[in-house]
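Asks: The lines below spell out each chain.
Protein chains: 2
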Amino acid sequence: MKLKMMYSFLNSDLEIIEKTLEETVNANTSILRDSSLHLLKAGGKRIRPIFVLLAGQIGQYDIHVIKKAAVALELIHMASLVHDDVIDDSDLRRGQPTIKAKWDNKVAMYTGDYIFAKSLEIMSELKKPAAHKVLADTIVEVCIGEIQQIKDKYYFEQNVRDYFRRIKRKTALLISASSLVGAIASDVEEKHQKKLHKFGYYVGMSYQIIDDILDFVGTEEELGKPAGGDLLQGNITLPVLYAMEDEGIRKRVSTVHEEMDREELLEIIELIKSTDAIDRSMKISNAYLQKALDAIADLPKGRSKTALINIAKYLGKRKF
Amino acid sequence: MKLKMMYSFLNSDLEIIEKTLEETVNANTSILRDSSLHLLKAGGKRIRPIFVLLAGQIGQYDIHVIKKAAVALELIHMASLVHDDVIDDSDLRRGQPTIKAKWDNKVAMYTGDYIFAKSLEIMSELKKPAAHKVLADTIVEVCIGEIQQIKDKYYFEQNVRDYFRRIKRKTALLISASSLVGAIASDVEEKHQKKLHKFGYYVGMSYQIIDDILDFVGTEEELGKPAGGDLLQGNITLPVLYAMEDEGIRKRVSTVHEEMDREELLEIIELIKSTDAIDRSMKISNAYLQKALDAIADLPKGRSKTALINIAKYLGKRKF
Numbered sequence: 014m015k016l017k018m019m020y021s022f023l024n025s026d027l028e029i030i031e032k033t034l035e036e037t038v039n040a041n042t043s044i045l046r047d048s049s050l051h052l053l054k055a056g057g058k059r060i061r062p063i064f065v066l067l068a069g070q071i072g073q074y075d076i077h078v079i080k081k082a083a084v085a086l087e088l089i090h091m092a093s094l095v096h097d098d099v100i101d102d103s104d105l106r107r108g109q110p111t112i113k114a115k116w117d118n119k120v121a122m123y124t125g126d127y128i129f130a131k132s133l134e135i136m137s138e139l140k141k142p143a144a145h146k147v148l149a150d151t152i153v154e155v156c157i158g159e160i161q162q163i164k165d166k167y168y169f170e171q172n173v174r175d176y177f178r179r180i181k182r183k184t185a186l187l188i189s190a191s192s193l194v195g196a197i198a199s200d201v202e203e204k205h206q207k208k209l210h211k212f213g214y215y216v217g218m219s220y221q222i223i224d225d226i227l228d229f230v231g232t233e234e235e236l237g238k239p240a241g242g243d244l245l246q247g248n249i250t251l252p253v254l255y256a257m258e259d260e261g262i263r264k265r266v267s268t269v270h271e272e273m274d275r276e277e278l279l280e281i282i283e284l285i286k287s288t289d290a291i292d293r294s295m296k297i298s299n300a301y302l303q304k305a306l307d308a309i310a311d312l313p314k315g316r317s318k319t320a321l322i323n324i325a326k327y328l329g330k331r332k333f
Numbered sequence: 014m015k016l017k018m019m020y021s022f023l024n025s026d027l028e029i030i031e032k033t034l035e036e037t038v039n040a041n042t043s044i045l046r047d048s049s050l051h052l053l054k055a056g057g058k059r060i061r062p063i064f065v066l067l068a069g070q071i072g073q074y075d076i077h078v079i080k081k082a083a084v085a086l087e088l089i090h091m092a093s094l095v096h097d098d099v100i101d102d103s104d105l106r107r108g109q110p111t112i113k114a115k116w117d118n119k120v121a122m123y124t125g126d127y128i129f130a131k132s133l134e135i136m137s138e139l140k141k142p143a144a145h146k147v148l149a150d151t152i153v154e155v156c157i158g159e160i161q162q163i164k165d166k167y168y169f170e171q172n173v174r175d176y177f178r179r180i181k182r183k184t185a186l187l188i189s190a191s192s193l194v195g196a197i198a199s200d201v202e203e204k205h206q207k208k209l210h211k212f213g214y215y216v217g218m219s220y221q222i223i224d225d226i227l228d229f230v231g232t233e234e235e236l237g238k239p240a241g242g243d244l245l246q247g248n249i250t251l252p253v254l255y256a257m258e259d260e261g262i263r264k265r266v267s268t269v270h271e272e273m274d275r276e277e278l279l280e281i282i283e284l285i286k287s288t289d290a291i292d293r294s295m296k297i298s299n300a301y302l303q304k305a306l307d308a309i310a311d312l313p314k315g316r317s318k319t320a321l322i323n324i325a326k327y328l329g330k331r332k333f
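Line by line, the protein sequences give chains A and B.
Residue 14 is where the first sequence starts when you use the numbering used here, and the numbers rise one by one after that.
Residue 14 is where the second sequence starts when you use the numbering used here, and the numbers rise one by one after that.
Incorrect hints may appear among the rest.
For chains that are exact copies, the list does not tell them apart, and a pair is met inside one copy or across any two.
As the list claims (entries may be wrong) - Pairs of lysine-lysine residues, derived as DSSO-like cross-links and limited to a Cα-Cα distance of at most 30 Å, are as follows:
no.	residue 1	residue 2
1	Lys-115	Lys-166
2	Lys-54	Lys-119
3	Lys-296	Lys-164
4	Lys-119	Lys-264
5	Lys-207	Lys-140
6	Lys-58	Lys-140
7	Lys-181	Lys-318
8	Lys-318	Lys-146
9	Lys-207	Lys-54
10	Lys-32	Lys-286
FYI, nobody ran anything at the bench for these hints, they're computed from the structure.
My request is simple: use the sequences and hints to build the entire structure.
Replies: Structure follows, in structure tokens:
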């Protein structure tokens, strides 16, 4: 089943989200409008808005209320991508030049700030103090994670716990905030809120591990950027950590640096792929996926629960 | 009278603000803690918190409620300074190395993000939806202003209206938001809220014009950075625009560029100072100051109103 088929009952609502996203970032300053729309049009799975809406469906769902939260979550995510591309010096995202590549780092910094400010503006129309608190706390953690990620770069002595802490802040917290904020916006019962919150967290962990695996096994076409980019940028992911348990591989991987030859990097990637590191990483991702499914096992039955289950499974098995 | 004497009845409350600022930015990540505290310790007038508190004093004042708004406003201001220093490539602020100088642009970008996120976190504890809306709208405008400032750099064809629009977004809106948010936090009557809002706006305009004048007439010691820095960075301020009404000066000023010789720059600064541009700019600042005083003329009498008047006058006459 294709991803979009899993929540086709949300199609008209997702069109509203897409339209609101575009209206929200539309600025009367041409650089900001162009750069923001450039990013928006590059697409993305809109996982966060979808989770907001699906969690909201468990309660008193009103698209004109919940769309504010859905748009805010996607914009926060987009803003963080723009700043990440500055830090990672990335020129390509989703097969498109990044803002920092198409304009420059300074424009990217302020575009990120602007998109983030716009997310606050639309969020401020949602009169749910609890949701604001969740988002603010999450954003603080995401920022701490971003600075941690800089510190951890090319630090080959790090361990699996460092990695999990990092992807929690990088990915899992914002996805789990999406399902929680969606639930709060729709006045979902508190016991169910907690389940949705956990569900988002586990899906986020599983999702990021897959992402990190794909950076090794995906093709340039599938990834929209050259494979092995994470490692080249000094981002030590789960497959790398597992592969480095072999002392020979550890020595070889530790030589990775920004200016490394593409061919040499490809050799190291092949070395990592020749171990059981990818398989073991997949198993961990699957374990998180299972925890996610367990978390919502006793949510009320319905198309929304079914969709959450299917999407989680899809994300846990995806190829790009 | 010294600035601090004008609101000495707030001394113990301002100590609470200072302590809360420090607690708020304290992170368990060392780079973020060090960089944020470095900025905090460099000082500043804390104009925004003072305006929050003084406006709050007109209503139901509770320091433990209003401190959240006061700290949030100062942090938003600090975050914007950190990002501005990246854009302006500034190495000194308040006589101290900037974060981008002491660490680098990437650390500065995330430190700004982090301080900003922390401001949202403390703000989210204030249960006043109207205040959140004001802040979010203000931040969007500030971001638009920042991008506009990049576009306007070294653009010698700009006019006085461009300048006013820029300083409104750069300074006036956040100061006016400070007094409005302080008023909202203390449930000040709506008719007085409007006056305080206007007051903050006019004081902010007056304040920024003085700041731009000081960049020409201040000494390096007073400014904490070399004089003429704005012009060198391509930031065309009111004195420059007035001086450029003379065709000869316009031609000379238009040659300014980032790599210009210090001596050549100093000549141009002297040229600008030899005209009536500084005087005329002072007059405009004074006119805004008068508008500020008029705006709060019929606020209820009391030490808070007196303090607002004195501070406005002080800021309008300050020498550094």
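Asks: Now look at each hint and say whether the structure bears it out.
Replies: Cross-check of the supplied hints:
no., hint, result
1, Lys-115 x Lys-166, "both (25 Å within a copy, 20 Å between copies)"
2, Lys-54 x Lys-119, "both (21 Å within a copy, 26 Å between copies)"
3, Lys-296 x Lys-164, "within (28 Å within a copy, 50 Å between copies)"
4, Lys-119 x Lys-264, "between (37 Å within a copy, 29 Å between copies)"
5, Lys-207 x Lys-140, "both (20 Å within a copy, 23 Å between copies)"
6, Lys-58 x Lys-140, "within (27 Å within a copy, 34 Å between copies)"
7, Lys-181 x Lys-318, "within (24 Å within a copy, 49 Å between copies)"
8, Lys-318 x Lys-146, "within (26 Å within a copy, 34 Å between copies)"
9, Lys-207 x Lys-54, "neither (33 Å within a copy, 40 Å between copies)"
10, Lys-32 x Lys-286, "neither (42 Å within a copy, 52 Å between copies)"
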